[in-house]
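Protein sequences appear in the order of chains A and B. The opening residue of the first sequence carries number 1 in the UniProt record's numbering; numbering runs sequentially from there. The opening residue of the second sequence carries number 1 in the UniProt record's numbering; numbering runs sequentially from there.
Treat the hints with care, as some may be off.
One copy or any two copies: either way a pair holds, since identical chains are not told apart in the list.
No farther apart than 25 Å at their CA atoms in a straight line, the calculated lysine to any residue pairs in the SDA-like style are these [what the hints assert, rightly or not]:
(1) Lys58 to Arg102
(2) Lys58 to Phe145
(3) Lys58 to Leu137
(4) Lys77 to Ala159
(5) Lys142 to Leu53
(6) Lys142 to His74
(7) Lys150 to Ser69
(8) Lys58 to Ser140
(9) Lys58 to Asp19
(10) Lys77 to Gly121
(11) Lys58 to Pro105
None of these hints come from the bench; they were simulated from the model.
Number of protein chains: 2
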Amino acid sequence: MLDNRSGCPINLTMEVIGDRWSLVVIRDMMFGNRRHFRELLENSMEGIASNILSARLKHLVDIGLLSRSDDPSHKQKVIYSLSESAIQLVPVMATIGAWGRRHRPATRELSIRAQLLEEGGPELWEEFMDELRVLHLGASPKSEFSVLQKLTEAFQAAAEATKSELPSSDRDKIK
Amino acid sequence: MLDNRSGCPINLTMEVIGDRWSLVVIRDMMFGNRRHFRELLENSMEGIASNILSARLKHLVDIGLLSRSDDPSHKQKVIYSLSESAIQLVPVMATIGAWGRRHRPATRELSIRAQLLEEGGPELWEEFMDELRVLHLGASPKSEFSVLQKLTEAFQAAAEATKSELPSSDRDKIK
DNA sequence: CTATCCAATTGCATTATGCAACTGGTTGTG
DNA sequence: CACAACCAGTTGCATAATGCAATTGGATAG
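Using the sequences and the hints, build the whole thing.
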C-alpha cells in the first residue's frame, strides 16, 4: 500500500486517493455525514465489502485523513471524523464531480450535488468546509446557512423526482 | 477493470482515474509532452513497468481519454494524444496538485508546476487547455504565450537550483 | 434471557500490479 | 549489406489488492 514513488504532488495525491474506494468513503462521510462503520457499510451506494471498508478506514486513519474515536453513548460504537486534510479535499471532490458529470455516464439525480458544488464555486466550498470543521473538528459555527443541508435536500428532492418519473409498477419489472 | 458500481459522478471518475498510474501517465503527456510509448516508459519519474504502461494506455484509449495513431515519420512509432475529455482534466490536475503540495511530502522542485497552476487559477488553466488542444487535437493556436513552456522552464530552473544546493560530490554519496 | 446491533475478522477465490526477460519488426550507420 | 540501436509492446511468474460470504466476540435494548 505504501509507496512514495516520487515527490510529485500529483503522484503523492494518487498514492493516497488513487484507489477505487478511498474517495468514495470520504464522499459518504463528507456529504452523507456517515460517521460509523455500519452507516458506511449499509448505506454504501457502491456496496463496499466490510473487510475492504475496514482496511480502507485503517489506512485513511494511518495517513491522517481520518481520526477514530470512541462514541461516548455506546461502548462498541466508533466515530470516524474527517481531518483538516480531508476537509480540504472539498475542492478536489467538486472538480472531480464536475468532470465526471460531463464525461462519464452519471445519473442525473446523483449529479445534483456535483452540479450545486460546481455552480457554487470556491466561496460555497469554503462555506461547506467551515461546516465540516464544525461537525468533524468541533469548531464553532460561523454562519447560519447550512450548505450540507442544502446539498442533502436537493439530493433527496432529485431522488423523489426520479421516482415519480419511473412509477413503482415499472420499477418492479427491473430485476 | 470495468465496473459501473453507481452513477455518482465522483464514483465514476474514480473508476476511471482511481488507480496508481492513469493520472500519472496523463500528467506526463500533459505537462511533459510525452507522446510515444518509449518516452513515457523511460522518462517516468515513478518507474512504470512496460506491461503496466501498455495495459494503462490500452484502457485509457478504450474509455476515450486517449487516442492512438501511427506516426507518419516512422512505421513502428505510435503517437498517443489526449482527447478533449482528458484535456478537461487540467482543473482536476491543478486541484489535486495543490492538495498534494500542502498535505503530502512533496519535493519543492516537483511542486513548482503545481504552484504555478494553482496561482494562475482557472484563467491560466483555460489558456493551457487551449494549448493542449493545439498540440493534441490539431486546433489552431489562439494565443502566442505558451503556458506549457512557462511551466517547463520553471520546472527545469527549479531542478537546476536544487542541483546547486546539493553538489554532485554529495549526491554521489547517496546510493 | 434473547434478539439485535456493533466493528470488524477469517478463509478463500479472483484480479491487479510489479519485475525481468524477451519478441518481431524497423531504422540509422558504416 | 550487416549490425546495432530503437520501437511498441508481450510473456511468464511472483506478490499484492480486491471481492464475497460467513463468522467473531462482545454490548445493548426489550
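- State whether the alpha carbon distance between Lys58 and Pro105 is at most 25 Å within one copy, between copies, both, or neither. between (31 Å within a copy, 20 Å between copies)
- Same-copy or cross-copy closeness of Lys77 to Gly121 [CA-CA at most 25 Å]: Result: close neither inside a copy nor across copies, 36 Å intra and 43 Å inter.
- With identical chains treated as interchangeable, where does the CA-CA distance between Lys150 and Ser69 reach 25 Å or less: within a copy, between copies, both, or neither? neither (28 Å within a copy, 47 Å between copies)
- Message: I want to check one pair: Lys77 and Ala159. Are their C-alpha atoms no more than 25 Å apart within a copy, between two copies, both, or neither?
- Response: Answer is neither: 30 Å inside a copy and 50 Å across each miss the 25 Å cutoff.
- Task: Since the copies are identical, ignore which copy is meant and state whether Lys142 and Leu53 lie within 25 Å (CA to CA) inside a copy, between copies, both or neither.
- Result: Cα proximity of Lys142 and Leu53: none, with 33 Å in one copy and 48 Å across.
- Task: Check Lys142 against His74 for me: Cα-Cα at most 25 Å, and say if that holds within a copy, between copies, both or neither.
- Result: neither (30 Å within a copy, 63 Å between copies)
- Classify it for me, Lys58 with Asp19: is the Cα-Cα distance of at most 25 Å met within a copy, between copies, both or neither? both (14 Å within a copy, 19 Å between copies)
- Quick one: Lys58 to Ser140, C-alpha cut-off 25 Å, is that within a copy, between copies, both, or neither? neither (28 Å within a copy, 50 Å between copies)
- Which holds for Lys58 with Phe145 at a C-alpha limit of 25 Å: within a copy, between copies, both or neither? neither (33 Å within a copy, 47 Å between copies)
- Task: State whether the alpha carbon distance between Lys58 and Arg102 is at most 25 Å within one copy, between copies, both, or neither.
- Result: between (33 Å within a copy, 22 Å between copies)
- How would you label the pair Lys58, Leu137 (within, between, both, or neither) given a Cα cut-off of 25 Å? within (19 Å within a copy, 43 Å between copies)
Of the numbered hints listed earlier, those contradicted by the structure are 2, 4, 5, 6, 7, 8 and 10.
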